[in-house]
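Start from chain A and add chain B according to the hints.
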Amino acid sequence: MSDEIVIDVRGLSKTFGEVRAVDDFDLKVPRGAIYGFLGPNGSGKTTTIRMVCGLLKPDSGEGEVLGYDVLNESLSIKERVGYMTQKFSLYEDLSIRENLEFIARLYELDRRNERVDQALEDLGLAERQKQLAGKLSGGWKQRLALAACMIHEPQLLLLDEPTAGVDPKARRDFWDQIRRYSAQGVTTLVSTHYMDEAVQCDSIAYIAYGKKLLDAATAEIPKQIGLHAWRISGRPLQRAQAMLEEAPAVELVARFGAEIHACGHDAAALEGAVRRVKQAQPHVEVEPIEAGFEEIFIYLMSGSIDNVQ
Amino acid sequence: MTRSRLPVLSNLLDLSWSRVFAVFLKELVQMRRDRPTFAIMIMMPVMQLVLFGYAINTDPRHLPAVVEMREDGPLTRAFLASLTASTYIDIVAVTPRADDAETMLRSGEASFLISIPEGFERRMVRGERPQILIAADASDPVAAGGAIAGIERIAQQAFAPEFGGALSYLARAPPPYEIVVHRRYNPAGVTAFNIVPALLGVILTMTMVMITSIALTRETERGTMENLLATPVRPLEVMIGKTTPYIGVGAIQVAIVLVAAALLFRIPFTGSFLAFLVAVSLFIFANLMLGYLISTVARTQMQAMQMTFFIFLPSILLSGFMFPFRAMPGWAQAIGEALPITHFLRMVREIVLKKAGFADIIGDLWPLTLILLVLATLALLRFRRTLD
Chain A
1 MSDEIVIDVR
11 GLSKTFGEVR
21 AVDDFDLKVP
31 RGAIYGFLGP
41 NGSGKTTTIR
51 MVCGLLKPDS
61 GEGEVLGYDV
71 LNESLSIKER
81 VGYMTQKFSL
91 YEDLSIRENL
101 EFIARLYELD
111 RRNERVDQAL
121 EDLGLAERQK
131 QLAGKLSGGW
141 KQRLALAACM
151 IHEPQLLLLD
161 EPTAGVDPKA
171 RRDFWDQIRR
181 YSAQGVTTLV
191 STHYMDEAVQ
201 CDSIAYIAYG
211 KKLLDAATAE
221 IPKQIGLHAW
231 RISGRPLQRA
241 QAMLEEAPAV
251 ELVARFGAEI
261 HACGHDAAAL
271 EGAVRRVKQA
281 QPHVEVEPIE
291 AGFEEIFIYL
301 MSGSIDNVQ
Chain B
1 MTRSRLPVLS
11 NLLDLSWSRV
21 FAVFLKELVQ
31 MRRDRPTFAI
41 MIMMPVMQLV
51 LFGYAINTDP
61 RHLPAVVEMR
71 EDGPLTRAFL
81 ASLTASTYID
91 IVAVTPRADD
101 AETMLRSGEA
111 SFLISIPEGF
121 ERRMVRGERP
131 QILIAADASD
141 PVAAGGAIAG
151 IERIAQQAFA
161 PEFGGALSYL
171 ARAPPPYEIV
181 VHRRYNPAGV
191 TAFNIVPALL
201 GVILTMTMVM
211 ITSIALTRET
221 ERGTMENLLA
231 TPVRPLEVMI
241 GKTTPYIGVG
251 AIQVAIVLVA
261 AALLFRIPFT
271 GSFLAFLVAV
281 SLFIFANLML
291 GYLISTVART
301 QMQAMQMTFF
311 IFLPSILLSG
321 FMFPFRAMPG
331 WAQAIGEALP
341 ITHFLRMVRE
351 IVLKKAGFAD
361 IIGDLWPLTL
371 ILLVLATLAL
381 LRFRRTLD
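Those sequence lines, one after another, are chains A and B. The numbers in this note's numbering rise by one with no breaks, and the one at position 228 of the first sequence is 228. The numbers in this note's numbering rise by one with no breaks, and the one at position 14 of the second sequence is 14.
Simulated from the structure, these hints should not be mistaken for laboratory data. Where hints are given, some of them may not hold.
What the hints assert, rightly or not - Here are the simulated lysine-lysine pairs, DSS-like style, with alpha carbons at most 30 Å apart:
no. : chain 1 : residue 1 : chain 2 : residue 2
1   : B       : Lys242    : A       : Lys141
2   : A       : Lys57     : B       : Lys355
3   : B       : Lys354    : A       : Lys87
4   : A       : Lys169    : A       : Lys141
5   : A       : Lys223    : A       : Lys278
6   : A       : Lys57     : A       : Lys87
7   : A       : Lys223    : A       : Lys211
8   : B       : Lys26     : A       : Lys130
9   : A       : Lys87     : A       : Lys211
10  : A       : Lys135    : A       : Lys169
11  : A       : Lys169    : A       : Lys130
12  : A       : Lys57     : A       : Lys211
13  : A       : Lys87     : A       : Lys28
14  : A       : Lys141    : A       : Lys87
15  : A       : Lys169    : A       : Lys87
16  : A       : Lys87     : A       : Lys135
17  : B       : Lys242    : A       : Lys87
18  : A       : Lys135    : B       : Lys242
Said to hold, decoys possible - Covered, in the sense of this in silico footprint (three residues per stretch, anywhere, with C-beta under 8 Å from a C-beta of chain B), are these stretches of chain A:
no. : region
19  : 79 to 87
20  : 231 to 244
21  : 262 to 272
Small disclaimer: the values here were computed from a predicted structure and weren't measured. Backbone N, C-alpha and C fix where the C-beta goes; we use that ideal spot for every residue, glycine too.
Looking at chain A on its own, in the form it has when it is part of the complex (with noise of 0.2 Å):
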């Protein structure tokens, strides 16, 4: 019995034409997680999801999603997921009522007046219910798509980056919705690009060219990478800068702002590049900080530039 994981799946494969969008791709998410997806553009995330919830069929591999068969169940798996496409999906020439009304019917719901009525009131939108979706901003979007996606109450939310182009305020709202759905017992797979949101899930996998290279609880992973940093603030930090993407033992330089981070795995090899920089610019303050997660994945990444589409 599938109970405690949600998301089963086991050696997911996909090829278009000659790419291989995801290869041999594994993971499983516990009941009630929220599952941060991370990867740079065209690394397949998009194709993942799709897979999983049956948009999609993998070439190979097997698994379940809320304990259904994911390659022969697929319409199981449909009515009791709620996705979140990366683009905008709903019909712009309906108003926000009548897309949540088309929505709710295609999922037979019953009391769908009242269900409707309460979708409406809890996004804030029921005194514009009548406009069309088209003319709503990019953050009300956003919401209404939420909204269209929870109306049959899923168990499973699979979320193609939801927040993508909208405001920091419309996103922290967008975020605070999720883990109220989350203390519901409601499982998340949410990709993103936004390191503020990948801290907030509970485990993240990260895949880079179809290829999943770091699945683990987000407070695992610092650990796991084992990435020392320097902090190096003050001028001139532009002659610093170029001082430290030269040292060997220095992997990543990353701006942020008016100080530089320096990270490398090798912590000695890093001290001694640093003080060297120090050296000859005396005027530049350095001292150890902890790697965050920015520098993690600004690292990850750095490794993999983005993927053919």
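The following block gives chain B in isolation, referenced to the frame of chain A:
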């Protein structure tokens, strides 16, 4: 003034051939990538050439005729032999029974009824100028006109060699017989009688196919298909749900054409209205399925439009709408038989102009039903349940 204007003008005329070439190359590549559009652009002139060059015949020949022979003698046999040899008509039956011949004319099995009365030879020899009756199905005036003229020439040529010796007194003008032409179903040969009911078929084909041809491609292009497929909706549900709204549109179009036919063109509605309703409903369904099938094949709305026109062209040219169906070569008729409109045109002309009921249109009702079922099945099979 001129000084300030000149730079603007030169900016407008400024042109880089390398940029032009860049755009040209890009368009060429895109065109080559869009295979279906490219294929249709190539196919369209080929198809038109073939249709106009070979299939379309405004000098109709080989029209089916039934001969009602009430007398069998040497002179009438000579006439029959000449008719048989003629390329204007093809004799599909020779019968002594008037009922049989009439039925064949009404059902459309024959476009002409050539009737030779009893005592024809005796009365001709006596110089009484007996009548040869030609009843032509003038619901298609173009087809009728050419062949009527042809039959008069055939009669002259058939009888001339017989009027020798003792009968030489008959070889004079006017001929010793009289050809009487009855234009049936459309006595005045009004083209509108033929065109207007048929126009209903063309209008329905055009609009129903075009509207439904973008049913799915619009979803794909706007990105809403992904959401639709993520719901538990089934292919048949999508098909029925997306096509049925247009039945209402079709009904309105039918009403408009019927009212116009009655009020503007004064076309009498002679047959069974119930049979008409059944025929037109079936025809609307078939067109909706045809459009929906296109929409499962086309990847963009543009492709869907082009495929619609690809269907539309033979629907006009090979269905008997514009040119007599029977005058086309066999392969063109075969294509015509596969088009819903061909069967609808026959039925609607028979019902409106020829007092036909269910019994008379059954020969076109079942092929149309078959086409409908095949189209619906193909569309369902083509429907992609995933984004693959």
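Now the hints, each set against the structure:
1. Lys242(B) to Lys141(A): holds, 25 Å
2. Lys57(A) to Lys355(B): Distance of about 56 Å is beyond 30 Å: violated.
3. Lys354(B) to Lys87(A): violated, 58 Å
4. Lys169(A) to Lys141(A): holds, 14 Å
5. Lys223(A) to Lys278(A): holds, 28 Å
6. Lys57(A) to Lys87(A): holds, 21 Å
7. Lys223(A) to Lys211(A): Holds, because 21 Å separates the two Cα atoms, which is no more than 30 Å.
8. Lys26(B) to Lys130(A): The given pair, whose Cα atoms are some 43 Å apart, is violated under the 30 Å limit.
9. Lys87(A) to Lys211(A): Answer holds: Lys87(A) to Lys211(A) is near 24 Å, not above 30 Å.
10. Lys135(A) to Lys169(A): The given pair, whose Cα atoms are some 20 Å apart, holds under the 30 Å limit.
11. Lys169(A) to Lys130(A): Since the Cα atoms of Lys169(A) and Lys130(A) sit roughly 25 Å apart, the hinted pair holds (cutoff 30 Å).
12. Lys57(A) to Lys211(A): This hinted pair holds, its Cα atoms lying about 18 Å apart.
13. Lys87(A) to Lys28(A): Holds - the C-alpha atoms of Lys28(A) and Lys87(A) are around 26 Å apart, at most 30 Å.
14. Lys141(A) to Lys87(A): holds, 10 Å
15. Lys169(A) to Lys87(A): holds, 20 Å
16. Lys87(A) to Lys135(A): holds, 15 Å
17. Lys242(B) to Lys87(A): Holds, because 23 Å separates the two Cα atoms, which is no more than 30 Å.
18. Lys135(A) to Lys242(B): holds, 25 Å
19. 79 to 87: holds (count 5)
20. 231 to 244: It is violated: at least three residues are needed, and the region 231 to 244 of chain A offers just 0 whose Cβ sits closer than 8 Å to chain B.
21. 262 to 272: violated (count 0)
Violated hints, in rising order: 2, 3, 8, 20 and 21; the structure is consistent with all others.
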